[in-house]
Structures are given as structure tokens and as C-alpha cells.
Amino acid sequence: SYREWGGTARPPQIAIVDWKEVPTFSEFELLRDAFAARGVPTIVCDPRDLDFASSRLTANDVRIDLVYRRVLINDIVSRAEECRALLAAYEAGAVCVANSLRCKIPHKKAFFAVLTDERRSQLFSERERAVIRRHVPWTALVRQGNVRLEGGEIDLIPHLRRHRNRFVIKPNDEYGGTGVTLGWETSEAQWDGAIARALAERERGWIAQEKIAVRREIFPMCANGGVEMRDMLVDFAPYLFRGALAGFLTRLSATGLANVTSGGGQVPAFVVTGKMD
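Going by the numbering used here, the first residue of the sequence shown is number 117, and it counts up by one from there.
Do not rely on the hints blindly, as some may be mistaken.
[Stated by the list, open to error] Straight-line distance between alpha carbons at most 20 Å, and here's what the computed EDC-like set of lysine to aspartate or glutamate pairs gives:
#1 327 <-> 301
#2 224 <-> 177
#3 136 <-> 149
#4 225 <-> 290
#5 224 <-> 143
#6 327 <-> 289
#7 136 <-> 197
#8 224 <-> 197
#9 220 <-> 290
#10 327 <-> 344
#11 136 <-> 177
#12 136 <-> 120
#13 136 <-> 191
[Unchecked claim] Pair by pair, the computed Cβ-Cβ distance ranges are:
#14 138 <-> 275: 35 to 41 Å
#15 316 <-> 371: 24 to 30 Å
#16 176 <-> 371: 40 to 46 Å
Calculated from the structure, these hints are not laboratory results.
Every residue, glycine too, gets a C-beta built ideally from N, C-alpha and C.
Given the sequences, and given the hints that come with them, work out the whole structure.
Shown next as C-alpha cells:
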């Protein structure tokens with residue numbers, strides 16, 4: 117990202133930027149040490165520690181070439197004055213920001229409603245449409261009226277009420293499982309309440325998304341002074357850079373939500389060749 121942005125420092129000075137009080141701060145320190153061990157100088161700093169002057173972004177007098185942005189865009193918007201230096205440097209193109217602010221677009225879950233809306237299929241090539249059909253669950257904004265599903269018209273709200281076991285309702289712009297209602301794990305009254313809330317908060321934006329089958333496996337867990345075998349949901353997400361595999365994010369959960377903040381756990385992934393006895 118830094119080279120494509122036009123950066124010339126070898127190596128660049130990296131700053132991992134997020135609030136000092138976030139619970140993931142220890143992760144940033146591990147990353148700092150890992151980058152430094154590879155010869156890339158790295159600091160961890162709070163957005164409030166940044167200063168932008170004379171086309172230079174600095175933190176405690178250290179000039180920064182590349183920002184690894186971990187501070188959430190929602191926080192940047194709501195606490196814009198505290199992020200003023202970061203925003204000014206970004207707007208001026210004075211620093212490379214990995215996790216560009218442009219990534220907010222696909223972060224919005226309504227993005228998937230655009231991809232799966234049959235009325236907008238002409239926006240995509242046949243190859244792209246095939247990828248969407250294979251990998252993206254059907255998604256629609258929760259609103260009164262008709263939508264297209266599987267080649268036909270449906271009245272969305274009655275359809276959601278009749279088929280709650282097939283759908284999940286989510287806020288358009290949240291993370292960590294906040295506000296997510298899984299139809300197949302809720303009562304009829306709870307599901308109706310989620311629909312009513314989504315309709316009442318139209319400006320906030322809510323989406324309904326079709327359920328997809330998620331793999332489950334048996335894993336050993338340390339519990340009660342021993343080891344227990346438990347059936348766990350597996351969230352296995354590959355990292356791709358320039359179209360090439362570059363690692364995995366793997367999470368396990370005993371519930372339908374794999375988010376760590378919702379009770380899921382992040383675990384290492386190993387590539388195992390051949391069979392083990």
C-alpha cells in the first residue's frame with residue numbers, strides 16, 4: 117500500500133493509531149514489536165498525540181510516513197476535533213493511511229443489498245454476477261414495500277415475518293454483533309420487535325439478510341479443570357492481498373455470532389499437510 121501510494125522512505129516510519137483506552141491496545145504493542153523485528157520502525161499512538169504542520173504528520177516529534185489506522189471511522193466522525201491532525205494529513209495526501217477511509221463503503225452492510233439487488237444486476241459483468249451469487253447472501257433494506265427475491269416479487273415485511281428462520285436483521289453501520297437479531301434463535305415476539313425497530317429507525321438503516329449455512333466442528337476446550345469437546349461454529353476468513361492468500365482470521369463460537377465482543381474467540385489457524393495419526 118505504501119509503495120503504491122507513492123511512498124519512498126525505506127523503511128517507512130509506521131504509526132499504529134487508536135485510542136489509548138481500547139482493549140486491543142496490547143495487540144498493537146505486539147504488532148509494533150513484530151514490525152520492528154523486521155526492520156520497520158513503529159510506534160503506537162493515540163489520535164490526540166498527532167500533530168500536522170508543514171505537510172508533516174508527527175507524534176511526539178517522530179515523523180510518520182504510514183498510518184496503520186485502527187481508530188474506527190465512526191469515532192473519527194463523532195470525535196473529529198480530537199482526530200483533526202489525522203484528518204488534515206489524510207486530506208492533504210501527506211501520509212499513507214492503511215485502512216483508507218474509503219473502506220467505510222463496503223463496511224456498510226447495505227452495500228450487500230446493492231450487490232444482490234436483481235434490479236441492479238446490469239452494473240456487473242456476468243463473471244461478477246456469478247461471484248455474487250456464489251458468495252454473497254441475499255440482502256435488502258428493511259422497508260415497507262416489494263423487493264425482488266429469486267426472480268420474483270415479494271412483500272418484504274410479511275415475508276420476513278413468515279420466514280424468520282431464514283433471515284437475520286442487522287443495523288447498517290455497526291460492528292461486534294451490536295443489534296444483530298438471528299431469526300432462527302428468537303421467538304416470534306422478539307422477531308416482530310426487531311422488524312418494528314428497523315422500520316422505526318429507517319434513517320439509521322437496517323438490513324435483512326438471508327441465512328447461510330455456517331460450518332460447525334468439534335473442538336477441545338479447557339473448562340472446569342479439564343478438557344471438554346464442544347460443538348463450535350467456525351468463522352474462517354482468508355486475508356487476500358493483490359489477489360493472493362496472505363493468512364487467515366479464524367474465530368470459534370458456541371452461539372450464532374462469532375464476534376469476539378459477542379462471546380466468540382479468536383484462534384490460530386495451522387496449515388497441516390497430510391494426515392495425522
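A quick look at each hint next to the structure:
no., hint, result
1, 327 <-> 301, "holds, 12 Å"
2, 224 <-> 177, "violated, 36 Å"
3, 136 <-> 149, "holds, 17 Å"
4, 225 <-> 290, "holds, 9 Å"
5, 224 <-> 143, "violated, 25 Å"
6, 327 <-> 289, "holds, 19 Å"
7, 136 <-> 197, "holds, 17 Å"
8, 224 <-> 197, "violated, 24 Å"
9, 220 <-> 290, "holds, 11 Å"
10, 327 <-> 344, "violated, 29 Å"
11, 136 <-> 177, "holds, 18 Å"
12, 136 <-> 120, "violated, 30 Å"
13, 136 <-> 191, "holds, 13 Å"
14, 138 <-> 275: 35 to 41 Å, "holds, 40 Å"
15, 316 <-> 371: 24 to 30 Å, "holds, 26 Å"
16, 176 <-> 371: 40 to 46 Å, "holds, 42 Å"
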